[in-house]
Amino acid sequence: SQTIHQWPATLVQPVGSPLSLECTVEGTSNPNLYWYRQAAGRGLQLLFYSIGIGQISSEVPQNLSASRPQDRQFILSSKKLLLSDSGFYLCAWSVQGKTQYFGPGTRLLVL
Amino acid sequence: GNSVTQMEGPVTLSEEAFLTINCTYTATGYPSLFWYVQYPGEGLQLLLKATKADDKGSNKGFEATYRKETTSFHLEKGSVQVSDSAVYFCALSDPGNTGFQKLVFGTGTRLLVSP
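So the protein sequences, as listed, match chains A and B.
The working numbering applies: residue 171 is where the first sequence begins, and numbers increase by one.
The working numbering applies: residue 422 is where the second sequence begins, and numbers increase by one.
Hints should not be assumed to be uniformly reliable.
Some chain B residues near chain A, calculated using beta-carbon distances under 8 Å [stated by the list, open to error]: (1) E463; (2) G464; (3) K470; (4) S506; (5) F510; (6) L524; (7) G529.
Below, simulated SDA-like cross-link-like pairs (lysine to any residue); rule was C-alpha separation at most 20 Å, straight line [as the list claims (entries may be wrong)]: (8) K523/B - L279/A; (9) K523/B - P231/A; (10) K268/A - T449/B; (11) K523/B - V182/A.
Simulated from the structure, these hints should not be mistaken for lab results.
Given the structure is predicted, the values throughout are model-derived calculations rather than measurements.
C-beta: ideal position from N, C-alpha, C; glycine also.
Based on the provided sequences and hints, a complete structural model is requested.
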């Protein structure tokens, strides 16, 4: 069966520091991968998606970037965090246009 | 553009009460509709889905019917339990130009069930 992992589970970072969040999927090949952010009291916003290695699409302009160095690995990064980057970051995967399945999330607090 | 509107929360119920969480959508074409549930401190889990008009999705006692005429996908459960306390998200898929599934989420509705 397929599983999706995210780490770290929780992260507290100072403003201006770099960020790297990792997401990996097991049990499937060539998945579509997604990064979402859930800000406090708000719904989910799609940040990036990827249909293959090295192929990244950005949905909203922001302080973050994404990379996909391997088929089942999706990384969310920032060179300098802002206070507004705080939130709950969720990775998801799907097979082509099918149902999306979410990871456990990473809670990021920028101070 | 496509959008999803959910009723404001929190919804507070006693155990065994009937639950309805309203969801309406705006979309071009024929999206698929989803309900996801987020338990405290966890990621989202797919609860149920419907892919075309008049389809009924169901799971764990929850149901929702895809109503094209009213552009709605209301979530219902006949008898809630304390363990159902969570945030519920309604979403639609937006295939866009590439056929790639993009989900558009509502803001979520928190359900609190007391014993």
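Hints, verified against the model:
1. With its C-beta approaching chain A no nearer than about 6 Å, E463/B sits inside the 8 Å limit, and its interface hint holds.
2. About 4 Å separates the beta-carbon of G464/B from the nearest beta-carbon of chain A, less than 8 Å, and the hint is met.
3. Below 8 Å, beta-carbon pairs count as interface contacts, and K470/B has one with chain A at about 7 Å; its hint therefore holds.
4. With a cut of 8 Å, the hint placing S506/B at the interface with chain A is violated, because the nearest CB-to-CB distance is about 17 Å.
5. Using the Cβ-Cβ criterion of 8 Å, the hint placing F510/B at the interface with chain A is satisfied: the shortest such distance is roughly 7 Å.
6. At its closest, the beta carbon of L524/B sits 6 Å from a beta carbon of chain A; the interface hint therefore holds under the 8 Å criterion.
7. Of the supplied interface hints, the one on G529/B holds, with its beta-carbon coming within about 6 Å of a beta-carbon of chain A, less than 8 Å.
8. With a CA separation close to 27 Å, the supplied pair K523/B and L279/A exceeds the 20 Å bound.
9. Straight-line distance between C-alpha atoms of K523/B and P231/A comes to about 17 Å, which keeps the hinted pair within the 20 Å bound.
10. Under the criterion of a C-alpha separation no larger than 20 Å, the hint pairing K268/A with T449/B is consistent with the structure, at around 19 Å.
11. With a C-alpha separation of about 30 Å, the suggested pair K523/B and V182/A falls outside the 20 Å cut-off, and the hint is violated.
Taken one by one, the earlier hints fail for this structure at numbers 4, 8 and 11, listed in ascending order.
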